[in-house]
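Student: If you follow the hints, you should be able to join the two separate chains into one complex; please do so.
First to last, the sequence lines map onto chains A and B.
Letter 630 of the first sequence, counting from 1, is numbered 630 in my numbering, and no numbers are missing.
Letter 161 of the second sequence, counting from 1, is numbered 161 in my numbering, and no numbers are missing.
What the hints contain is simulated information worked out from the structure, not anything from laboratory work.
All figures in this text were calculated on a predicted structure; none of them were measured in a lab.
One thing to keep in mind: the hints can contain errors.
Covered stretches of chain A (chain B as the covering partner; in silico rule of three or more C-beta atoms under 8 Å from a C-beta of chain B) [said to hold, decoys possible]:
hint	stretch
1	67-75
2	134-148
3	196-207
4	277-287
5	536-550
Using N, Cα and C, we set each Cβ at its ideal position, and we do this for glycine too.
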Amino acid sequence: MALNRKIAYVDLATREIRTAPIPVEMRKLYLGGRGLDAYLLYNHLQADIEALGPANVLTVSAGLLTGTLASASARTHIGAKSPLTGVIGSSNMGGFFGPELRFAGFDHLVVKGKAAGPAYLWIHDGEIEIREADHLWGQDIPTTQELIWEELRDPEVKVLCIGVAGENLVRFANVMTGLKDAAGRTGMGAVMGSKNLKAIAVRGTMDLEIRFPERALEYNSRLIEQIGSTKFAQTMQKWGTMFIYGATNTTGLIRTRNFQLNQQVGGNIECEHIEEYSVGTAGCYGCIIHCRHKYLIKDGPFAGTYAEGPEYTSQGAFGTEVGCNNFETILIGNHLVNKYGLDTLETGSMIAWAMELYEKGILTDKDTDGLRLEWGNDEAVLEMVTRIAQRKGLGDILAEGPLRAAKRIGQDSLKYCIQVKGMSNLHSDERATPSLALGIATSTRGSDHLRSRPAIDLYHLPEPLLRKIYGGPKPYDGPLSSDYTSYVGKARMVQWQEMMYEAIDSTGICKYHTIFLSPNLIAFDELAQLIYYNTGLEFTPEEIWDIADRAYTLERLFNIREGRTRADDWLVDRYFDEPTPVGLPVVRGKCLDRVKFKQMLDEYYELHGWDEDGVPRPETLQRLGLDGEPSHKL
Amino acid sequence: MEMILAVDHAKCTGCRLCEQVCSVKHTGANSPSRSRIHIIKWPLEGFELPMLCQQCEEAPCIAVCPKDALSRDTMLGRVALDYDLCIGCKMCVMACPFGGMGIDSESRQVIKCDLCDGDPTCVRFCDPGALQFVPASSVNLRKKRDAGLRLSEVMRRSFATRR
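Isolated chain B (complex conformation) (with noise of 0.2 Å):
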């Protein structure tokens, strides 16, 4: 079963906790430049928005990788890279359109979320729920349930107000 790391962006409270242990995890020390995911925040304006890589489906990063480092793992769900094979030319840093690849600053390499391996530290961590990992197939069942549940309150009351 295919598993995502689905992003609620309404539910984060914009505290970075995900970079921390996403750095701590990958590189044994805090630095938010090391972390695969980041909080880009408007903070004039009270918005978050938690951003990383999205494992694409038609990944712009495996297609514009000269080695062939970069390859689909369907079988975690990933984009997968394979360090021995990239050569560090960052062309997949150029292709991403979301910045989802990296650099570290430290080994020099590209860097992006490998999802832990199947058991996300980030997701582990985020007490409000805002990073989940959850199966693909009920991805959209869930958001349904969140909106239902917002919708059903106002047909409840219209509901009750009629009767």
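Chain A extracted, bound-state conformation (with noise of 0.2 Å):
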């Protein structure tokens, strides 16, 4: 059955692979998937090794329901110390890599010290191989894929490997399986790349039990239904995330030119062009919602190139944030960044950051190598990509990340820089939304838009309705307020997201099933019936909840051992200082309150019981028992 999944410890340097089973008790601590990958690192991690070195530990890890009945259960999550940021790495990714290693008997993989020489880890149906990888090393994303398939001889192989970008420790490098389907942040392909780890080939026959089938089949095609049926859903089967930039764009939301406006005027890269280039689109493991199209590049030096996507992520790091208006650089850009198996969100507001400081005269023509890096120059962000990819010239610079690159440029090019704990921002522009904003400022991973975005606060929802979804399992009573430039009951949007979101990460389903972009999706109540229909594990919405809250806070327990405080969850101050030029006028001149901001960050830090340093107090850890922790069960 779906419990009967095992975890490996797979030594590279010892070459020693042990397997060992997951105790039910874990699966009820923290599920699966990032909420035991928590668990796992906390566990096997030592505080202020260096995230590069043989010290630091991989885990990819399939959700306690990836590859059941669960609508898009394709998930597979990453984790390790972060590279990036140096706090927790954890990073979640679409496909079929995370179902596959189900198949093969496989939950969760921890990955330590390093290979003498390129390797990759074969694992078939229970057993787990360390193979070389000398002719593997230096080859693109699909490259390496293709050639574990022929030299596997099985094009049912599915694999999830590192680009030039991982290998040449790129501190952004992600991970990537397929054309598109990426762990893109926190730099988990360079944490590859330091242990000589090319790929991850796997493949399995194994049943997947499901413990209550017909009732299993029953519930998924009601779930199926109800997800359809909504206008999200439907709206994403034809453009994909990319619909998100009209509303965004329109309003005044989104970063451009860096951070000096918040609208891109005479947009020309909305969702529709995407119709001269898609020839279909296509959808991750046991997913209706297909949000992904496939396409061709018509012109230029990619014509008639096959790639996959983009997202509103490229929309922004190809786009509005480097103050590109050309689609067409939109699709080149995603189709280089997954070639190199680079973060495109990373890369792309690195590179806007780097035209900031290349306007100001603090990058001059000289640290460029001559290239004109000015707004709207096509091919000079397109250089920079491939640049960064290979640590040449400034792009060496850059491929260090926010924190070391400014360290490194040096004057006042920090302050221009859109980061949270040395982790970029997606392109969106938080300072008329303060929920946004402290998502992203308070996200353990650094700053971040998939840990605890409360997106339908844009939708102005009616209060019961904000209540009815906002107001449990748990309960609260405070105040919730249907305008989004509010910051009163914001702390609550937010925590509560951020446990829906854990939770749904440790099940291995994707988020655009859950309430994130839609408040009609599923949440606690659907969880605790998927689960128990496929796995007979009875928990109560307000269960799952516990679940998830233990597993944010180890995540943040990680972050204070590593030295993280109060003043990490902050943002940079341009948030605070310059206000909105352009957008709406329920947006334009906008930006941040500190004092507000402040009391905001403290109510957040109520609702989880941490002190006003963010700590967890005693009574928290005693409520989550976490107060053994490291407990070494696993």
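Tutor: Here it is as structure tokens:
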């Protein structure tokens, strides 16, 4: 059954491989996926280790429901200490790898040490081998997978791998499977590169037993109907996440020219342009939303290239942030980052920051080797992507990520960089939206929109509906506000979304099926049902909240162990000092208020049971059973 | 009225939900290798094709079966498999040109699509409509309508410009 999958510990240095069952007790405490990952990282890592050294540990995890009859149960979670931020590294990906890992008999991999030379793991039906990968080193993402299919003589093998960016230890290199599915954030690809681990290949034919097959089928059918009937899913099926651009750009919620504007005027990168290039759409495992386009680049040096995506994120990375207004640049940029294995978000943000520094004269033609890093210079932007992946010239500096690059560039360069805890923001502008701002400030993995963003706050939903969502499953009777520019009750929204996303990342279901961008999707109640029908484990919605709370707090403890404090839950000064210059009247002229933001942060800590420094109180640790961590049970 | 499980590969998004529900329906477990349907993919080119038993009229599997375990079920429009007669010789697996006959790794029996006795689970779950269960008589008419729609768009455009 779904609960009999194992954990494997692989030491690349000694080549020792050990497997162990995962006790049901651990499932009840952490489910799996991201939740159990937090436990593994907290237990297997020491504080202050070098993230790109052999002491770091890489975890690869399937969620508790990955591969089961829970709609879009496609997800794989990757963790390590992040070489980008120095705090918890944690990244979640779709595709087909996670289910295949389970078919091969495993739920969690803990990879330690550094291989003597390039290596890859070959995992099949309960067996794990370490194989040499000299012939794969230097290959890009698609070619690596192709070579492994040929070598293993099985095109059904699912491969998770790094590209040249990971090999070159670019601190925001990602881990990929397929052409587009990426564990993008926090530099997990660099950790693989530092271990000489080029890829993990899996193939399995083992049954994943469903506890109550008939009921699971029936329930999944109902959920699919519910999900498919939402306007959100129907829009995603047509345009993917790029549809978001229309609303956020019109309103003025998009970072443009790094952080100078909050709207791209005369924008020419709307989602509808994909129609000229798309040859269809594709879905991850078991998903009816199929939010990615399959596209062909038409002109220029990449004419005829097949690629998949792009996401909203790439519209920012190769559009608004860098001042480019050409849809094809987004398509090419997206293709390049996916070929090299770079996080599209961090890549675009780093280039945008460099462009502002170039404009201000902090970077000069000497630093850029003559490359004119001017807003809207599409060719320069695409060239910088390659230079970052190959660590050439300025690319070598930017490859170090915000904090280290700012140190090398010097002057007051850091104050222009839009980052939290050393990780760049999405191209969203949160100056008019306190809830979204609090989310990126407090996210355990550094600035991020996928850890706690209450995106539905932007919809002006009526208060009774907000109460229905945010009032449970753990009771909350404090205030809630439909006004997204307000600070009232936003701490609760952020906390609620944190718990929701932690739970969903631990089950291996995609966030797009939960209350993220639509209020009509699944939440704690439905998760409880899905877990029961598929695994037989019984939880109340409140208990799932507690599990998420436990895992989230453990991520927090990880960061505290690395010396992070309340000061790290804060945004750069520009958020408080530079009002938004454009946008609809409701967002124009807005910046965050330090006093109110501080109050909101206090409120947020209080909701979590953390003290004013953001440290979990002893009674909180006791309530969550974390007072004995690390407990070394796995 | 004979029904046919019609595949429109252009609508397939490659999500493999059909494989998942097929195997759970027939075995109680999710196990793609035990599914009766498979999505064959060329992931680097973005092409996917659902493959399953074609329920042939002149079925090679029926022809080679030494025990008459396979037969034409005209009522449900399928090639039916009688496990009481089957000796597991796997000649049918060898004879099928499409890979429609498989072997269940657990039971060691040959397996094939049985159209879920007239209500195919895969069709029920295929949200994009790549799999459809339709009257045999209307299969080509439906295709004509789809093709006609694309053609009509071109024709209407050229008609509009001429006017």
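Student: What hint numbers does the structure not satisfy?
Tutor: Violated: hint 5 alone.
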